[in-house]
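Work the whole structure out from these sequences, hints included.
So the protein sequences, as listed, match chains A and B. Going by the working numbering, the first sequence opens with residue 1, and the numbers climb by one from there. Going by the working numbering, the second sequence opens with residue 1001, and the numbers climb by one from there.
These aren't lab readings, by the way, just hints derived from the structure by calculation. Hints are not guaranteed to be accurate.
Stated by the list, open to error - With a straight-line cut-off of 27 Å between C-alpha atoms, the simulated BS3-like cross-links for lysine-lysine are:
id	chain 1	residue 1	chain 2	residue 2
1	A	K358	A	K374
2	A	K304	A	K358
3	A	K61	A	K23
4	A	K374	B	K1264
5	A	K150	A	K243
6	A	K23	B	K1264
On a predicted model such as this, the values are computed, not experimentally measured, just so you know.
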Amino acid sequence: MSAPRRAAIVGGNRIPFARSNSKYARASNQDMLTAAIDGLVARFGLQDQRLGEVAAGAVLKHSRDFNLTREAVLGSRLAPTTPAYDVQQACGTGLETAILVANKIALGQIEVGLAGGVDTTSDAPIAVNEDLREVLLELNRARSAGARLKALRGLRPGQLMPSIPQNSEPRTGLAMGEHQAITTREWGITREAQDELAAASHRNLAAAYDRGFFDDLLTPFLGLTRDQNLRADSTAEKLATLKPVFGTREEGATMTAGNSTPLTDGASTVLLASDEWAGEHNLPVLAHLVDAETGAVDYVHGNKRADGLLMAPVYALPRLLARNNLSLQDFDFYEIHEAFASTVLTTLAAWEDDAFCKQFLGLDAALGPIDRSKLNVNGSSLAAGHPFAATGGRIVATLAKLLHENGGGRGLISICAAGGQGVVAILEA
Amino acid sequence: MSDRYLNLVNSPLGAKVAGTVGLPRPAVLRRYRAGEPLVPGPVLVGSTAGKVPAGLVKIVAATGAETLVEPVEDTRYGALVLDARSVAAPGELANLRAFLTPQLRSLLPSGRVLVLGRVPDGNDIAADATRQALDGIVRSLAKELQRGSTANLLRVEDEASLPSAIRFFLSGRSAYVDGQPVLLGPGQAPEPADWDQPLAGKTALVTGAARGIGAAIAGVLARDGAHVIVADLAAAGEALAKVANRVGGSTLHLDVAAADAPDKLLAHLRDHTGGLDILIHNAGITRDKLLANMKPEQWESVLAVNLESQLRINAALLGSDALNEQARVVCLSSTTGLSGNRGQTNYGATKAGVIGLVRSSAAAFTGHGHSTINAIAPGFIETEMTAKMPFATREVARRLSSLQQAGLPVDVAEAAAWLSSPGAGGINGQVLRVCGQNLVGA
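Structure below.
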């Protein structure tokens, strides 16, 4: 079989990420995704062009937004003949859309497409109480006045309590932070290491802004010009003063609001194309998406230490490396999504653990350590914030530009997701 | 912001009242719309030499206007074009009076008087004095004309850009250019395939394009067929994206005053274009203070954005292959640069500096594949900036020109688009005022 062509990453655009219930409190997912698409259209002069497809999604989605991405396209300056579909793979959504679009480009099914994601925790969907929903559905099915009256007799005051979406796992009832707190404890990740990683994230993101790195990756929205969560003056010492918020039922809890990502609103997009399309449109190729792998762990029944909720990338990566004949050290940049500082640290610790790698990853030896100076060099989710489905697009565009600036090289992306899933990908320039 | 007074005196009742008590009566100016006739009525062409040159008649007729070489009774003219290139002695100026005087009252609203003269060349004192006299005639006549009509002088050293200049001045594109001399020199000035799309196939870049005059320039360049890269600060990106999406262009976040701006610009042009054809240096800021109170940062930031950025970017472009041949550069100056303005020593320095820059760069741009560089000095233009002026100051400022109103951003944009067009290749190192013949600093 001849190798398919590689999809090019031409560029990206996102809106600055806002803290929940702040600057974007009144912006819907559709508003933000449309703004991110329109900013991309403006950056690359794509007005009225028909793209092969737009794939995007949101984790927290209103039922009325069943066709969110298509509606955003229709509201954008792209040609209305551009098809679109929604993807939802929790925090893996953004990277998964890029993989889907890249694969279609690689197969020659499309020449150009847009991947993206959006999330709001401010304009979150609120559903009616499950009991009330049953009453209302029964009422809808009733065909006579008597049946309708009978259905209405099922109404109770308590049913007025709305059902608000929870950031917790349906099968365990545990919040994601509580799951990670278990993993953190199992792997002995220290508070100091977490705070240092969080401080570095802020420091690196602030420096990247200051040198104009985001000038062609970002378009301001609703008056916000930088990520609202960014604290340029953050230090490990300041972070050390915060109280733990997860895993606090046991002694020695380490995860705070400072070394965990806050709830965030935002949207991101990435423009992918064939090299030919990019050339024809006088657009640069920043990098290529080489390969990707998605994994999952049995966090419900599995090993407490080895099968933590956010450890799926740990398992996905060896398969990806083997397929591409690469070692963990063969990368110039590592982009490991900072859901929590301890997620990054656990992931690295697992890859360095000889016994774990042999027993659980089926390897002959540990994947080994990475050069930490190559990790999240322009900051990541702890500083930028993490609007769930928008994070993948942020990272893909950031890494592609990093590789381009570097004059070439190879980068690794690792993103954990709810449901015990994880997505990893390789970019090359 | 809308000029309420202008709207009022153009209403039936307002016109009557203003006429009775002798208030200024600014007209609603004729502005360019693609597809509409260039001139609202016939163009009467005359010559101080008696016979009108056939070439000139041909150029005027090519605009699509009904072209007459003899006055026709009971006709109202859209424009009067007088070739006065023959005058060499003061006595011959009487021919000019003889042609214009009977026809001035037959000029339609927003009509045009266009006089062609020669450039004084130092060979004959009487001839030079007479040629210079045309300037005084046109400037004075511009102040006499009413109902939105304008008078301008083309000093023809070379006819290369004459067709393009005649089109510009007859059309609504020149609505707010009044009482101005323009020097037409030699140059490469190819005629476009389609006069409604003179910039087709060109790549243009406008700095400071997120709002106001910059956004208007982007719109007009795009309307005339160019692909426009709109540039502005990253912080202005939201408005900038809207401009790009409105005009079908693309955005570039660029701080023109930053040390790495020329490098970033060149890299963008290399990655995203086949070279630049048109550059509009529009980005500018004000930090007004009396010189006695001026702080160093107020001085330096204005100098850096308004003048030094243009010098550095031009130098970088001239030394690269990112600027195509027959490129056009237009720099935004201001009437403040010509007349000065209280509280604007820093701004005035930059706007006068731009004029010096343009004059001094002309030869270098000619050397770059017959490119050109020119400046536009807008007068009082309705923008967000002028909307913030105190009411009375703004009202007075609006009436202080022969056209008795402020210009619109589109008026500056039309001038920029004309100077950026292929046909304007004979205009180089010039300053074109778009000021409605502002009474200040003329």
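These are the hints, each one checked on the structure:
1. A:K358 to A:K374: holds (26 Å)
2. A:K304 to A:K358: Roughly 17 Å separates the two Cα atoms, so the pair holds.
3. A:K61 to A:K23: holds (19 Å)
4. A:K374 to B:K1264: holds (25 Å)
5. A:K150 to A:K243: With Cα atoms ~52 Å apart, K150 (chain A) and K243 (chain A) exceed 27 Å; violated.
6. A:K23 to B:K1264: violated (31 Å)
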